[in-house]
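Trainee: Given chain A, put chain B in place with the hints provided.
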Amino acid sequence: VTATAAAPWPPPGAHQQRLLPARGPEDLAAHLRRHGHPPPGASGRLIDAVERSGLTGRGGAAFPAGTKIRAVAEAAAAAPRGAVVVANGSESEPASAKDSVLLANAPHLVLDGIELTAAAIGATSAYLCAHRGLQQLSAAIAERDRAGPSVPVQLLQTPPGYLPGQETALISVLNGGLPRPTLVPPRPAERGVRRRPTLVLNVETLAHIALIARHGPAWFRQAGTPQAPGTALVTVGGEVRWPGVYEIPLGTSLRELLRNTGLEAPPQAVLTGGYFGSWLPGGADVSISPAGLSAAGGLLGPGVFAVLPDSRCGLAETARILGYLASQTAGQCGPCVHGTPALAQAWHEIAFGRPDGAVIAWVQQLTGLLEGRGACHLPDGAAALAASAMNVFASDVRAHAAGGPCARTSMPPMLPLPGVSR
Amino acid sequence: VSERGPALRVNPIACEAHGVCIELLPELIRADPWGYPIISAGPVPDDLLPLARRAVAACPTLALRLDGPGPAAPARKGWRRSAPPR
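Residue numbers (our numbering), protein chains in the order written: chain A, 12 to 433; chain B, 1419 to 1504.
Think of the hints as simulated: they come from the structure by calculation, not from any bench. C-beta atoms are modelled at their ideal positions from N, C-alpha and C, and glycine is treated no differently. Check before you lean on any hint, since a few could be wrong.
Said to hold, decoys possible - Calculated from the model, a selection of chain A residues having no Cβ within reach of chain B, i.e. all distances over 12 Å:
| no. | residue |
| --- | --- |
| 1 | L167 |
| 2 | N186 |
| 3 | T193 |
As the list claims (entries may be wrong) - Which chain A residues face chain B? A few, computed with CB under 7 Å, are given here:
| no. | residue |
| --- | --- |
| 4 | Q343 |
| 5 | G345 |
| 6 | G385 |
| 7 | A386 |
Extracted from the complex, chain A is given alone in its bound form (with noise of 0.2 Å):
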């Protein structure tokens, strides 16, 4: 996805622009003319007016924001050494680019999240992790260096692949081993880095908290919907005429989301929540929050919407995200090691076979073997992923085990798959 690129700026419809600048990367002069400095004694307020704003985590998990740095302030207070915050901009997640854009446009918003939340479960360190932009975050740490003491912001790029982002893989790496997810319990509040309570925050989540230290729980509430409170960052992929990084008030429609990006009819289908999450059918009229996509089976995710038009095959965009996902395996749990492959290559004759019925079937299994059988969800996101392309793509199915795969399926592939050319 290139954000940003070719989109009207800002995009139409951008009311509630909160997080990102109008225009351009903003250094911490500029940062600081727009928001201001956070109010004195914020910090000491923080974790109340979080816990008041309904914030929930923008990574993926939609978790209330508030409840998660509780938890570690009191897993800190009783510890006998301090606790330590991660900022996780890895955003491995291959069709979202907003925590990307975030940081490259607003870090210091970013940064003030880190310091505020810091100082409010008493951390002592702190650590931002990122794929990308490594060199422009080192300098926004370096501004703020010089501009006074703060809590020291240590900078980690993230290991490329889909499981690295994941929150105990992220503390696993911090730790000196590899890219892997534990097995929780215990969670990152109890034993993190260095055995440390440890609050995981992804980055957008810590540029809102930056702004509600600053203008309060009820100018959060100001945007988006009683049940969910906010503006959040999207990322509009797949065809649409001006896709990127859009910020818009939850409780939006996708309907109109798509509207705004420059999609006139419905699409064919929508994936929604990224490469772990589901397929929508185009004309579905969701509200674009954690509880609205779920209720239609989809699922919000980072904030991810892929747009598939009539012109591609949807179960060969399934058929090869599957075939990633599989790749990106950690190796160490047994049903996703042999059920996550597995899952792909039955999906593989699905889309660009002849399926017949006990394939089919052998899909349907798979799905319900995956589910919860991980010590991390890459296996439920695949099994989660497969059934809902077996619904929206019901009739291509009985299509392909009619007559072989379609002729669309011949077209290159639409979404973005790391380490395949496009």
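Mentor: The following block gives chain B in isolation, referenced to the frame of chain A:
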């Protein structure tokens, strides 16, 4: 069957599909196509608790645990949706 009670839980990283638990407790544990255990959801019925404890003790990789009290946590979808910190 008790409403609440200890539940069996497998550590999928440690499990190497030796299959001992499947042999010892077929009432609650069955094999998937690759020989890894699939555990029935919910608490272990009281009358099976001694067998469950035996299966836990017999696991060559210490991958099986009897956690409790309380029913097993429901499976979550999507690996990024990590559960609440406790």
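Trainee: Hint by hint, say whether it matches the structure.
Mentor: Cross-check of the supplied hints:
no., hint, result
1, L167, "holds (19 Å)"
2, N186, "holds (16 Å)"
3, T193, "violated (8 Å)"
4, Q343, "holds (5 Å)"
5, G345, "holds (4 Å)"
6, G385, "holds (6 Å)"
7, A386, "holds (5 Å)"
Of the hints listed earlier, the one the structure fails to meet is number 3.
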